[in-house]
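Chemist: Please put together the full structure from these sequences, using the hints given.
So the protein lines, in turn, are chains Z and H.
Those letters in the first sequence? Residues 1 to 113, by this note's numbering.
Those letters in the second sequence? Residues 1 to 116, by this note's numbering.
Treat the hints with care, since some could be wrong.
Example chain H residues on the side facing chain Z (calculated, C-beta under 7 Å, incomplete) [said to hold, decoys possible]: (1) L44; (2) K49; (3) S52; (4) G102.
Using C-beta positions, here's what the derived DEER-type ranges look like [claimed, not checked]: (5) T20(Z) <-> S12(H): 38 to 46 Å; (6) R44(Z) <-> G98(H): 13 to 21 Å; (7) R9(Z) <-> T55(H): 37 to 45 Å; (8) S80(Z) <-> S70(H): 31 to 39 Å; (9) V99(Z) <-> K68(H): 34 to 42 Å; (10) L95(Z) <-> S14(H): 35 to 43 Å.
Some chain H residues flagged as far from chain Z (calculated, every beta-carbon gap over 10 Å) [what the hints assert, rightly or not]: (11) V19; (12) S84; (13) L104.
Derived by calculation from the structure, the hints in this document are not laboratory data.
For every residue, glycine included, the Cβ atom is placed at its ideal position computed from N, Cα and C.
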Amino acid sequence: EAQVTQNPRYLITVTGKKLTVTCSQNMNHEYMSWYRQDPGLGLRQIYYSMNVEVTDKGDVPEGYKVSRKEKRNFPLILESPSPNQTSLYFCASSLMGGVGEAFFGQGTRLTVV
Amino acid sequence: AQSVTQLGSHVSVSEGALVLLRCNYSSSVPPYLFWYVQYPNQGLQLLLKYTSAATLVKGINGFEAEFKKSETSFHLTKPSAHMSDAAEYFCAVRGTGGTSYGKLTFGQGTILTVHP
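Modeler: Right, here's the structure in full:
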């Protein structure tokens, strides 16, 4: 089954404690991205990757890091989380060519206290 | 830069009534447009997509959307609402060039409530 898998689904952490949210896709998609969803703001892109070892900032990259060492995986790293990073996070993947509709993971609800 | 505006953060309809969710976009080139639905505690699911093949696009669950270039609109409709349609709906435009290639830009979302 084609899918994007994120883990964990729910995470509560304390300010400053490094964390990683994993994302994996099984569709051989080149393009992967991370979004955060906040009420009234829709989804905003944090980082994206067009292929292995190719990553770049999206609209709201501050406080986040990513890596793309393998085509299927695209982890999101918060090295020093702060309360303003409390949000719902989605990983997505798509083909680079054609229409390229995005497939989304189930989301990770992060609370930073 | 591309952008998407959804008019109305909340829409409430009665079961069996017409559903109309509005979306306007800005894009310097012919766009790829999408509607996604998000049910509570779930990820985003593709409802339908516009790829320039036809201006009236049919999607899943009885939804459809019409692309109107002159109005830069891509409104989502369903003739008869069902209780199971209650969810949040997002309109999105996909970037087609430069650093925005592949990027989805989303509207703010519209929460649809369906009353019995």
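Chemist: Are the hints correct? Go through all of them and say.
Modeler: Here is how each hint holds up against the structure:
1. With a cut of 7 Å, the hint placing L44(H) at the interface with chain Z holds, because the nearest CB-to-CB distance is about 4 Å.
2. Given the 7 Å rule on beta carbons, the hint for K49(H) holds: about 5 Å separates it from the nearest Cβ of chain Z.
3. Below 7 Å, beta-carbon pairs count as interface contacts, and S52(H) has none with chain Z, the closest being about 9 Å; its hint is therefore violated.
4. Hint status for G102(H): holds, given a least beta-carbon distance of 4 Å to chain Z, under 7 Å.
5. Checking the proposed 38 to 46 Å range against T20(Z) and S12(H) shows it holds: the Cβ atoms sit about 40 Å from each other.
6. About 19 Å separates the C-beta atoms of R44(Z) and G98(H), a value consistent with the hinted range of 13 to 21 Å.
7. For the pair R9(Z) and T55(H), the supplied restraint of 37 to 45 Å holds, since their beta-carbon distance comes to about 39 Å.
8. In this structure, S80(Z) and S70(H) break the distance hint of 31 to 39 Å, their C-beta atoms being roughly 49 Å apart.
9. Separated by about 19 Å at the C-beta atoms, V99(Z) and K68(H) break the suggested range of 34 to 42 Å.
10. Separation of L95(Z) from S14(H) is about 40 Å and conforms to the stated range, judged on CB atoms against 35 to 43 Å.
11. Under the 10 Å C-beta cut-off, the non-interface status given to V19(H) relative to chain Z holds; the minimum distance is some 19 Å.
12. The beta carbon of S84(H) is kept farther than 10 Å from every beta carbon of chain Z, the shortest such distance being approximately 19 Å.
13. The beta carbon of L104(H) sits about 6 Å from the closest Cβ of chain Z, which is not more than 10 Å, so the claim that it is off the interface is violated.
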